[in-house]
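**Q** Protein chains in written order, with the working numbering: chain S, 577 to 818; chain F, 51 to 127.
None of these hints come from the bench; they were simulated from the model. Just to be clear, a hint being listed does not mean it is correct.
[Stated by the list, open to error] Negatives, chain F to chain S, calculated, CB over 10 Å:
1. Ala-61
2. Met-84
3. Arg-89
4. Ala-106
[Said to hold, decoys possible] Residues on chain S that point at chain F, a partial pick, calculated with CB under 8 Å:
5. Trp-613
6. Ala-614
7. Asn-763
8. Ile-796
9. Leu-804
10. Tyr-808
[Stated by the list, open to error] From the derived model, a few chain S residues whose C-beta atoms are all more than 12 Å from chain F:
11. Phe-598
12. Leu-600
13. Ile-620
14. Pro-634
15. Val-642
16. Val-646
17. Gly-655
18. Glu-664
19. Pro-739
20. Leu-747
21. Arg-759
22. Ala-762
23. Phe-765
24. Leu-791
25. Ile-800
26. Phe-801
Values in this document were obtained by computation on a predicted structure and should not be read as measured data. For glycine and all other residues, C-beta sits at the position ideal for the given N, C-alpha and C.
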Amino acid sequence: MSFLWLAEGAATAAGEQNAVLFHLFGLEVTSVVTTEWALMAIVILFFFIATRRLERVPKSRLQSVVEFAVESLYGFVKGQMGEERAREFVPLIGSFFIFILVSNYSGLIPGAGHVAGFAAPTSHWSVTLGLALVVFFATQYYGVKKQGFNYIKRMFQPYIIAPLIFVMNVLDHVVRPMSLSLRLYANIFGGETVVLALLVAIPYFLPITTLLLELIFGFIQAFIFTALTTVYLTEATGEEEE
Amino acid sequence: MTGVALFAAAAIVALAASAIGSAHAQGKTASHAMDAIGRNPEAAGRMTVPLLLGLAFMEALTLFVFAMVFVLAGRVS
Numbered sequence: 577m578s579f580l581w582l583a584e585g586a587a588t589a590a591g592e593q594n595a596v597l598f599h600l601f602g603l604e605v606t607s608v609v610t611t612e613w614a615l616m617a618i619v620i621l622f623f624f625i626a627t628r629r630l631e632r633v634p635k636s637r638l639q640s641v642v643e644f645a646v647e648s649l650y651g652f653v654k655g656q657m658g659e660e661r662a663r664e665f666v667p668l669i670g671s672f673f674i675f676i677l678v679s680n681y682s683g684l685i686p687g688a689g690h691v692a693g694f695a696a697p698t699s700h701w702s703v704t705l706g707l708a709l710v711v712f713f714a715t716q717y718y719g720v721k722k723q724g725f726n727y728i729k730r731m732f733q734p735y736i737i738a739p740l741i742f743v744m745n746v747l748d749h750v751v752r753p754m755s756l757s758l759r760l761y762a763n764i765f766g767g768e769t770v771v772l773a774l775l776v777a778i779p780y781f782l783p784i785t786t787l788l789l790e791l792i793f794g795f796i797q798a799f800i801f802t803a804l805t806t807v808y809l810t811e812a813t814g815e816e817e818e
Numbered sequence: 051m052t053g054v055a056l057f058a059a060a061a062i063v064a065l066a067a068s069a070i071g072s073a074h075a076q077g078k079t080a081s082h083a084m085d086a087i088g089r090n091p092e093a094a095g096r097m098t099v100p101l102l103l104g105l106a107f108m109e110a111l112t113l114f115v116f117a118m119v120f121v122l123a124g125r126v127s
C-alpha cells in the first residue's frame, strides 16, 4: 500500500511544482523562483564572507577554497580564449557555472520538488532556456562589438555558396540555445524522474545509486554548459589565438 | 488500447532506441579516448574538455527524445 501512496504523492508533487505561490508586480512567482532567490542569496553571502578579509597569503581555509575555485575557472577559460579575453568573460562564465552547479545540487536536498517554495531551478525548462538566451544574446553582442562588420561577413564565408552557408549559420545560432537549455534541463529533470521511479519501486537503498550518479552529473552538466558558452564566445569574438 | 497506453509504449520504444544509439557512440568515443590516454598519458588533461563536449552532444540526442516525450505527453488524452 505504501508504494501506491508514494506513487500518488509523486504524481501530485509534479503538479504542485508549477503551482503559483503568490503574485509580484503581476508576475507569477513559483517555487522555482523562490528557490532561485534563496540560492542567489546563499551564493552572494558565501562569497561576501569568504572575501571579507582577503590576505596575500591565505590563512583561512575559506579563502583558500574560493581562490582554488576561481583560479580553476579562470585557468580553464584562459586555456580556451587567451589571457585578455578571459579577464573580460570570466565573470559571466564563472557566474553561470556557480549558479548552475548550486541549482543542480539543490535538487539533491531532501524535499526538493515536494515542499512548497523549494524546487531545483535547473529541472525546469523555463530556467535553463533563460540562461541559454543570455548566452545567445551575449554571443551576438560581443561578436558584433569585437569584430564589427567582420562578424556579419564571416557568416557568408565562403562566398561561393553564400546563401546556403548563411542559412546554415543562422540555423546554427538559433538552435544553440535550444540544445544548450534542453540538455541541462533534461539531464537534471531526467535524473529526478529516475530517482522518483526507483523510490516508488523499492524505497530503501536503491535510489542511493542514482543519487550518487546525480552528484557527478550535476557537476558535469554545469561544466558542459560553461564549456559550451566559452566555446561560443571564443568563436564569436575572434578567430586568432595569441 | 487507449491513447495513453499506446503513447507510453511508443515513448518507451523511442527512448530505448535512442539510448542504444547514444550508448553505442559514447562507448566508441570513450574506448578510443582510453586508448589514446594509454598511449600518451600526458595528453589526458588536454583531452578531457573535447571528450566531455563530444559525449555531451551524443547524450543530448537521447535527452531530446526524453524531453519530447514529456512535451507531447501533455497532449495525449
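**Q** If you test the structure against every hint from before, which numbers come out violated?
**A** 4, 5, 6, 10, 17, 21, 22, 23, 25 and 26
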